[in-house]
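Visitor: Got chain S sorted already, so can you dock chain C onto it with the hints?
If you're matching them up, the sequences are chains S and C in order.
Taking our numbering, the leading residue of the first sequence gets 1, the next gets one more, and so forth.
Taking our numbering, the leading residue of the second sequence gets 1001, the next gets one more, and so forth.
Hints in this document: simulated from the structure, not taken from any laboratory.
Where a beta carbon is used, it is the ideal one built from N, C-alpha and C, also for glycine.
Please note: incorrect hints may appear among the correct ones.
Stated by the list, open to error - Computed, partial: chain C to chain S, Cβ under 7 Å:
| hint | residue |
| --- | --- |
| 1 | Thr1036 |
| 2 | Gly1043 |
| 3 | Ile1050 |
| 4 | Pro1051 |
| 5 | Thr1062 |
| 6 | Ala1074 |
| 7 | Val1081 |
| 8 | Ser1082 |
| 9 | Thr1085 |
| 10 | Trp1093 |
Residue-level listing of the chains:
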Amino acid sequence: MSDQLIPFTPAELVFIAIYLSSLVAIGLVGYRARQENSLRDFYLGGSGIGFVVLLLTLYSTQYSGNTLFGFTGNTYRVGFAWTVSIHFMTSIVVFYLLLAPKLFRLAKQHGFITPTDFIEHRFRSPALNCLTSLLMTVSIANFLLAQLMAMGNAIEGLTTIDPDRAFAGGVIVLALIIVVYETLGGFRAVAWTDVIQGSVLLVGFVILLVLVLHEFGSLTAATQIVQLRSPEKVAPPDWLASNEWASYVLVVGLGGALYPQAIQRIYAANSATTLRRSLLVMAFLPLTTALIAIVVGIVGLAHIPGLDVPDPARADTLLTVICRRIQENSLAGRWLVVVLFSAILAAIMSTADSVLLSISSMLTKDIYGKYMNPRATERHLTLIGKACSWGLIVLLAFLAIRHRDMTLIKLLDRKFDLLVQLAPAFFLGLHWPRLRATPTLVGICAGILVVFGILAIDRMSEADYSKIAGIHPGLYGLALNAAVAVGWSLVWRVTPAAE
Amino acid sequence: MAGQLVSCNQRLIYPWLTGLTERSNRRRIRVMHNVTRIWFGYGILTLAAIPWYWRWIPGATTLICGVPAWAASAIVGSALVSCYTAWLLSRRWPEELPGEDNQ
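So that you can see chain S by itself, here it is in the shape it has in the complex (with noise of 0.2 Å):
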């Protein structure tokens, strides 16, 4: 039997045209509302956004398509270990308490639209600028191609055609929804959607947990099932898990922290009470979204056993078996998994559409705008930027379809070890006034050199050197990036002016 969900029904494919419809309307309305043609205007969306849009817009843009489909399927790989996910999901916003307070405040004070404004203002650096708007374009540009894969295996389970042409379908007609209502109405577009996205995710995490519990039994029966086949995927972590626990807090903690798309949306909310409340309610939304991924994971694990044999990564479509059987069972059930796969939909395209308008603002202002052509107007930028992001889709829609194979699991999981190392730039940047423009620069220089020297040793050896100790190669990169920085601007004899 397939894997792949039953086609949709012509009236159930109408159901998920209106919903894409509905983004494009959007776009449009956003387009009407622009208030003018301006940098600010079209990545932060004018004077800024309220509570419900700034808490819908951060956490549909935190919680991706990866969180269905990823943490379901490593739960089904790894038991309840996976639990880490709710502990690293909340760490995201214990960050931003060190963050958000001070950048927000900067931000309105200096009109910053993209994160190295911030780096900019505070360092005065262009080596340290251009460095920053690289790694964090390189880090997110790959979540990007990630999201669009997703979209592409999405569609491909939709139809009875050739898988690959469904698959280049999926992925060219999603990403060109994404950029249209992008391109019209910038982020108020994006924000808006997200509204509409976040709702549907929230609703379609609601539903999996229903559906999954009345179609497969209760989570004791689950676990029971789970302890008597592998008692291993139930047993508390040893210690070498624990630390891959503490590394998984800090390392997706503060990478997640530092994603330039959230980054803007905390100089785009409209009050620092707004964005206070908003991320008092993000808190416990790991308790509704990760925690109901995991319960998910461990049914799957118990009553569709194998699914990870011989190819652990095929744990990953857990999901989509599970929609499958619920759309056999009943005409109920069928509507319902359509209102999940929109909310699988609204995943991927929500994370998406920020990434892109998040690269697209860097490229425009941070290097175009300051490199290439430094007396462009707020209208020529603002042209350029839409510009980029159609290059930008074009070209990873092109990579997505051409390497459709290709693994990604590793890659997203670097994209952390390499936010990480602006760690020291941004938290001790806003806290700490000795921090110095070179020491910072060389430091994460280092840091980088680290992660990608244990990768190297990691790709050249047999053995597992992708975690040492349980601690990603990111932590010790940030531990040499964070001492050089320190040490050096401790030591530091130049004047700020100077330097």
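Guide: This is chain C only, laid out in the frame that chain S set:
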């Protein structure tokens, strides 16, 4: 006596335990400061939430609501981190402008 206790709590005990101070601005506004004690609180909660100690505790895999006890403690630990964070976020930031919460 009762008044002295309340005053002592406001001036000494509450700020020491929480790292939060209270400041008057027409009405009393609770303000959050990023101080060491807040992060010490997080350290304690994180140590409790990471289930490193459960391998020495008998009954670690006893099921509670369908979840092994060690995983349940990790979930409760994460929930406590969420509650602590929410509680801190319910306080105004020092960077907030007076009257911003009226927007």
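Visitor: Hint by hint, say whether it matches the structure.
Guide: Cross-check of the supplied hints:
At a threshold of 7 Å, the smallest CB-CB gap from threonine 1036(C) to chain S is about 12 Å, leaving the interface hint violated. The restraint placing glycine 1043(C) at the interface with chain S is violated, with a minimum CB-CB distance near 11 Å, outside the 7 Å limit. Given hint, isoleucine 1050(C) at the interface with chain S, holds; its Cβ is 5 Å from that chain's nearest Cβ, closer than 7 Å. Look at proline 1051(C): its Cβ gets to within about 5 Å of chain S, closer than 7 Å, so that hint holds up.
For threonine 1062(C), the suggested interface contact is broken, since its CB lies about 10 Å from the closest CB of chain S, more than 7 Å. Hint status for alanine 1074(C): holds, given a least beta-carbon distance of 5 Å to chain S, under 7 Å. Evaluation of the valine 1081(C) hint against chain S yields a held restraint, the C-beta minimum of about 5 Å falling below 7 Å. Here the hint on serine 1082(C) is kept, as its CB sits about 5 Å from the closest CB of chain S, short of 7 Å.
Below 7 Å, beta-carbon pairs count as interface contacts, and threonine 1085(C) has one with chain S at about 4 Å; its hint therefore holds. For tryptophan 1093(C), the shortest C-beta to C-beta distance to chain S is roughly 4 Å, which falls under 7 Å, so the interface hint holds.
Violated hints for the displayed structure, listed by number in ascending order: 1, 2, 5.
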